[in-house]
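Visitor: This is what each chain is made of:
2 protein chains.
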Amino acid sequence: MALTDLSGRIAIGVDIGGTNTKFGLVNHRGEILAKGTMKTDVHEDVEGFIEEIYKHLEPLIIQNGGMTMVEGVGVGAPNANYYKGTIEQAPNLNWKGIVPFADLMSHKFGKACTMTNDANAAALGEMMYGAARGMRDFVMITLGTGVGGGVICGGKLVYGHDGFAGELGHTIVKPGGRRHWSTGSEGSLEAYASATGIAITAKKMRAEYPASMLNEYSEDDINAKTVYECALQGDATAIEVFRYTGQKLGEALANFVMFSSPEAILLFGGVIKAGDFILKPAKLHMEQNLLPVFRNKVKLVLSELSEADAAILGASALVWANK
Amino acid sequence: MALTDLSGRIAIGVDIGGTNTKFGLVNHRGEILAKGTMKTDVHEDVEGFIEEIYKHLEPLIIQNGGMTMVEGVGVGAPNANYYKGTIEQAPNLNWKGIVPFADLMSHKFGKACTMTNDANAAALGEMMYGAARGMRDFVMITLGTGVGGGVICGGKLVYGHDGFAGELGHTIVKPGGRRHWSTGSEGSLEAYASATGIAITAKKMRAEYPASMLNEYSEDDINAKTVYECALQGDATAIEVFRYTGQKLGEALANFVMFSSPEAILLFGGVIKAGDFILKPAKLHMEQNLLPVFRNKVKLVLSELSEADAAILGASALVWANK
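As you go down the protein sequences, you meet chains R and G in turn.
According to UniProt numbering, the first sequence is numbered sequentially starting from 1.
According to UniProt numbering, the second sequence is numbered sequentially starting from 1.
Check each hint, because a few of them may be wrong.
Pairs count within a copy or across copies, as identical chains cannot be separated in the list.
[Stated by the list, open to error] The calculated PhoX-like cross-link candidates involving lysine-lysine, where the alpha carbons are at most 25 Å apart (straight line), are:
1) K204 / K225
2) K273 / K283
3) K111 / K225
4) K84 / K204
5) K174 / K280
6) K96 / K297
7) K96 / K108
8) K225 / K283
9) K225 / K108
10) K299 / K280
11) K297 / K84
12) K156 / K297
13) K299 / K84
14) K225 / K84
15) K84 / K156
16) K283 / K297
17) K108 / K299
18) K299 / K273
19) K299 / K35
Calculated directly from the structure, the hints in this document are not laboratory data.
This is chain R alone, in the form it adopts within the complex (with noise of 0.2 Å):
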């Protein structure tokens, strides 16, 4: 990259999730020059999605200096396997089986196309344009809907033997624990630490404790931030959610730290705005989850990329990160 002149060049990047698709052009310094929505889930075939997003992409990309100043096409998608450029299986979109996306993508736009799943690019994202700027080891996580994951090592993404590194949420933190809603797996990282699984603690907690104040919610009612607001109302059950919920997380960075000693642990997503209600507990049971050798040096480090952009902003990563 430091070889070649980047002004003026332009990177696309799309994120896809399952209701919504999102897309920009970002330049190298990570300023989005324009962007925009559609949704994913009208497109029963991938190849009228595709038409679409060409449609929104090309007269921004005209007004942005044409398309030969596009230096290629990143991708953030559930599923995405980066060396094949192909979403396999992915359970929330509508396109079965293994889709060929990065080809179908490229021959549209007439640019490369790369693509992983979204915390991977998030990742990226960090180390190009965010708070990651300079650091060669570090570890990714986007604590969310779901748990994502995306480590860095040596300053490159690693996408392992199959394309698929870095499932951190995945991970299992409680052996024989909470039965995963979707993947049946049991105790995961993401069982506990996602949005859903503190919806699921804070559910069984305030019946344990029927004077919480989280028993005046109705049950649809009870998620990540109705349970941070009686946190910060001082409500004990609430607080004990999150203590119980960083508790789990920091057992699960300790595991991370000793694999591959990163500088830091770089966190993103809703739930973190829960601040040292989780933060706290994750650190500390971090810390004494590790060895001595480690103790003490692995920053825990918030975002510094606007959740509304960071998905576009990691996908446009992946095109630079291949210069």
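Take the given structure of chain R and dock chain G to it, following the hints.
Guide: For chain G alone, coordinates are given in the frame of chain R:
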């Protein structure tokens, strides 16, 4: 490595243990040309240790073409810092504090010296001369008195930010579980899957099952080997000791797979002599805890290096890995 003619070139491999040190001369095909051992713990100061190892190695080097043929020195040692070439606070060595071991060796031999811990060195040894030849992504687990780990991603050993990555034996498999006799951590893989851990499990289980053959041994004679002998004779308790050990190992392996998506897990060390008693439950519990996208893909592969020579070979591989 491919572009350099290494025929006739020699790597010095040194493996430092708390009691004994092994050393040898190895060519780039992994053939040991000469080897020997010496006591580690008789040397109160590291300079005396280095004098003795030089005295042993010098005649062997002269017999094999002389010092000009030596490409470099590779050292496997406890708490070795790859980046700094230091041994840091090793609990089982006489040399306290931070020892600039690589500089001292390099000065004495007039050759570059590279260091890492023994399990990391073992991973390099398997990749260069053993069962992992041609693999670019794998995880090495050494199962002996302790449990060590080494992670290869994209054909390179993962050292991490501090040079201490791959401490897989100290990852937690059972939060709040068995207290480690040395580190004090609770529920680490090493507490269960090392030979030491197996003996602890066996002593607990035989107390619960008075009819077990394990009760015919004195407390001091309960070890991985005697448990294996009882298992071979069909003792249900001894078999259960290995099944439980394999379960804990398998749960840990699932987490490692979801972290780095390896092609294979390489297993080495005395404990794997228990064979299917431990490997079958390990495989079963690994698969059970994996996300579907990883299932039935990752091979468990036994080391192809002889136990007597693996430490020297692994250390020598550090020299070629730098080419």
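Visitor: Now tell me if each hint is right for this structure.
Guide: Evaluated hints:
{"no.": "1", "hint": "K204 / K225", "verdict": "within (16 Å within a copy, 46 Å between copies)"}
{"no.": "2", "hint": "K273 / K283", "verdict": "within (16 Å within a copy, 39 Å between copies)"}
{"no.": "3", "hint": "K111 / K225", "verdict": "neither (41 Å within a copy, 61 Å between copies)"}
{"no.": "4", "hint": "K84 / K204", "verdict": "neither (42 Å within a copy, 49 Å between copies)"}
{"no.": "5", "hint": "K174 / K280", "verdict": "both (20 Å within a copy, 22 Å between copies)"}
{"no.": "6", "hint": "K96 / K297", "verdict": "between (44 Å within a copy, 21 Å between copies)"}
{"no.": "7", "hint": "K96 / K108", "verdict": "within (21 Å within a copy, 63 Å between copies)"}
{"no.": "8", "hint": "K225 / K283", "verdict": "within (21 Å within a copy, 40 Å between copies)"}
{"no.": "9", "hint": "K225 / K108", "verdict": "neither (41 Å within a copy, 63 Å between copies)"}
{"no.": "10", "hint": "K299 / K280", "verdict": "within (12 Å within a copy, 39 Å between copies)"}
{"no.": "11", "hint": "K297 / K84", "verdict": "between (37 Å within a copy, 17 Å between copies)"}
{"no.": "12", "hint": "K156 / K297", "verdict": "both (21 Å within a copy, 24 Å between copies)"}
{"no.": "13", "hint": "K299 / K84", "verdict": "between (34 Å within a copy, 21 Å between copies)"}
{"no.": "14", "hint": "K225 / K84", "verdict": "neither (38 Å within a copy, 46 Å between copies)"}
{"no.": "15", "hint": "K84 / K156", "verdict": "both (18 Å within a copy, 22 Å between copies)"}
{"no.": "16", "hint": "K283 / K297", "verdict": "within (11 Å within a copy, 34 Å between copies)"}
{"no.": "17", "hint": "K108 / K299", "verdict": "neither (43 Å within a copy, 39 Å between copies)"}
{"no.": "18", "hint": "K299 / K273", "verdict": "within (18 Å within a copy, 41 Å between copies)"}
{"no.": "19", "hint": "K299 / K35", "verdict": "neither (33 Å within a copy, 44 Å between copies)"}
In the structure shown, a violation is registered for the earlier hints numbered 3, 4, 9, 14, 17 and 19, in ascending order.
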